[in-house]
Each structure stands twice: as structure tokens, then as C-alpha cells.
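Below are the chains, spelled out letter by letter.
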Amino acid sequence: GESVGLHLPTLSVQEGDNSIINCAYSNSASDYFIWYKQESGKGPQFIIDIRSNMDKRQGQRVTVLLNKTVKHLSLQIAATQPGDSAVYFCAETLTGGYQKVTFGTGTKLQVIP
Amino acid sequence: EAGVTQFPSHSVIEKGQTVTLRCDPISGHDNLYWYRRVMGKEIKFLLHFVKESKQDESGMPNNRFLAERTGGTYSTLKVQPAELEDSGVYFCASSQVGTGGLFFGSGTQLSVL
Chain A
1 GESVGLHLPT LSVQEGDNSI INCAYSNSAS DYFIWYKQES GKGPQFIIDI
51 RSNMDKRQGQ RVTVLLNKTV KHLSLQIAAT QPGDSAVYFC AETLTGGYQK
101 VTFGTGTKLQ VIP
Chain B
1 EAGVTQFPSH SVIEKGQTVT LRCDPISGHD NLYWYRRVMG KEIKFLLHFV
51 KESKQDESGM PNNRFLAERT GGTYSTLKVQ PAELEDSGVY FCASSQVGTG
101 GLFFGSGTQL SVL
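Chains as they are written, first to last, in the working numbering: chain A, 1 to 113; chain B, 1 to 113.
Any given hint could be a false lead.
Unchecked claim - Once the Cα atoms are required to be at most 20 Å apart in a straight line, the calculated SDA-like pairs of lysine to any residue come out as:
(1) A:K100 - B:S9
(2) B:K41 - A:N27
(3) A:K71 - B:E68
To be verified - Derived, one-sided and incomplete: chain A residues facing chain B with beta-carbon distance under 8 Å:
(4) K42
(5) G43
(6) F46
(7) A78
(8) F103
(9) I112
Note that these hints are calculated values from the structure, not bench results.
The model shown is predicted, which means the values in this text are computed figures rather than measured ones.
Every residue gets a Cβ at the ideal spot worked out from N, C-alpha and C, and that includes glycine.
Make a model of the complete structure from these sequences and hints.
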């Protein structure tokens with residue numbers, strides 16, 4: 001399943017399938033990008049990050065892709081599990097000094113058992 | 001190690017009343033941020049403290065919002081008088097200076113009736 005973030009705020013995926021959540025960021029000067037997961041009743045939790053000198057970074061079941069040309073981020077979740085159900089936010093910031101993190105709208109991921 | 005803690009977790013007040021939210025950051029974190037999420041929208045930056053000083057308060061919506069961080073430890077965010085549009089989830093986050101990782105609290109769900 002695939003989401004365009006701002007235009008499709010809810011993504012439903014069958015358990016075991018791969019999920020792709022997309023995000024368009026706004027500031028071309030941003031050099032550090034983060035994906036957060038927010039479960040109901042909890043604050044956003046760090047999933048994975050990527051710096052602007054990279055275009056891909058992999059975690060345990062997650063991969064983040066960065067396309068600076070079109071200011072686009074995506075989060076890929078392999079073999080989606082029910083515990084992955086949450087709202088996912090992309091965020092951008094500038095490193096060095098203090099960090100004002102700017103969040104995208106968020107995409108709700110629903111995993112169908 | 002204790003994470004970022006916020007109090008209360010929920011607050012229901014009437015329009016015109018005053019509410020004070022509290023955030024205790026992770027010990028040793030000089031950066032403290034307030035964010036809020038209004039239903040269905042992105043997580044918006046409110047302000048940023050470095051120790052006891054306001055580094056950036058460009059996100060504060062109006063002068064009904066007052067944030068303080070006495071002694072550079074815990075922070076409070078007061079809304080006086082509260083309006084209906086102030087309803088949402090208020091998140092606090094903290095980080096060490098020079099690092100990219102924000103640690104979020106579970107948030108305060110504010111409902112103004």
C-alpha cells in the first residue's frame with residue numbers, strides 16, 4: 001500500500017504486506033529528517049532518521065528514502081504487523097545549534113489482520 | 001532513566017478559564033520544546049527553551065499563551081483565558097544541545113468546552 005501523506009491521511013494495509021508512507025517537506029535548506037510514530041495516548045517516538053548527504057537508510061524493518069530534488073521523503077515498512085498501526089509523521093530540521101523540528105500532517109496506518 | 005513527563009494527561013475546562021500544563025524534561029536536557037496538535041492537523045511548534053531562556057517563541061499563537069521555565073528545569077505553559085480553538089494535544093519534548101534526537105512526553109489532551 002502507498003500513501004501520499006497530505007492527500008491520503010489514512011493508509012490501510014494487510015498484515016504481512018509492505019507499507020509505503022510518503023511525505024513532502026517544505027524547506028530546501030533542511031538537512032536532517034526524521035520519521036516519528038505516534039500511538040494512541042503516547043507522544044511521537046523516533047523511528048529512523050536520515051541526513052541530507054544520504055538518499056537511503058535502513059533500519060530493522062524500516063527504510064527511509066530521501067529525494068532532495070523534489071523534497072520528498074518516504075518510509076517503507078516491511079512485513080507490516082498489527083503493532084505498526086499508528087500515525088506516522090515526517091519531520092525536518094536543520095542540524096547545528098538548536099533544532100526547531102517541523103512536522104508534516106501525518107498519515108494514519110491501519111493494519112488489517 | 002525517566003523520560004519526559006507531562007501533567008496533567010487530560011484537562012477539560014470551560015471557555016474563559018485558565019489552564020496550566022507542566023513538563024518535566026529528561027534530566028540534563030537543556031533544550032525543551034512545546035508543540036501542539038490540533039485534531040487532524042500536523043504537530044505545530046510553539047516555542048523552544050535553552051535552559052531558562054526562550055530561544056524561539058515564534059510559534060506561540062497569541063498572548064493568551066505564556067510559557068516559563070524557572071531555573072532551567074521543568075516548564076509550564078499557561079493558557080489564559082482559554083478559547084475553544086485551543087483544544088488539542090500539547091506535547092513537550094527535550095533534547096541535549098547539539099543532538100538531533102527529540103524525546104517526547106505523552107502529551108496533555110486539552111479540551112475547551
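Comparing the hints with the structure gives:
| no. | hint | in the structure |
| --- | --- | --- |
| 1 | A:K100 - B:S9 | 24 Å, violated |
| 2 | B:K41 - A:N27 | 19 Å, holds |
| 3 | A:K71 - B:E68 | 35 Å, violated |
| 4 | K42 | 5 Å, holds |
| 5 | G43 | 3 Å, holds |
| 6 | F46 | 6 Å, holds |
| 7 | A78 | 23 Å, violated |
| 8 | F103 | 4 Å, holds |
| 9 | I112 | 22 Å, violated |
In this structure, the earlier hints numbered 1, 3, 7, 9 are contradicted, and the remaining ones agree with it.
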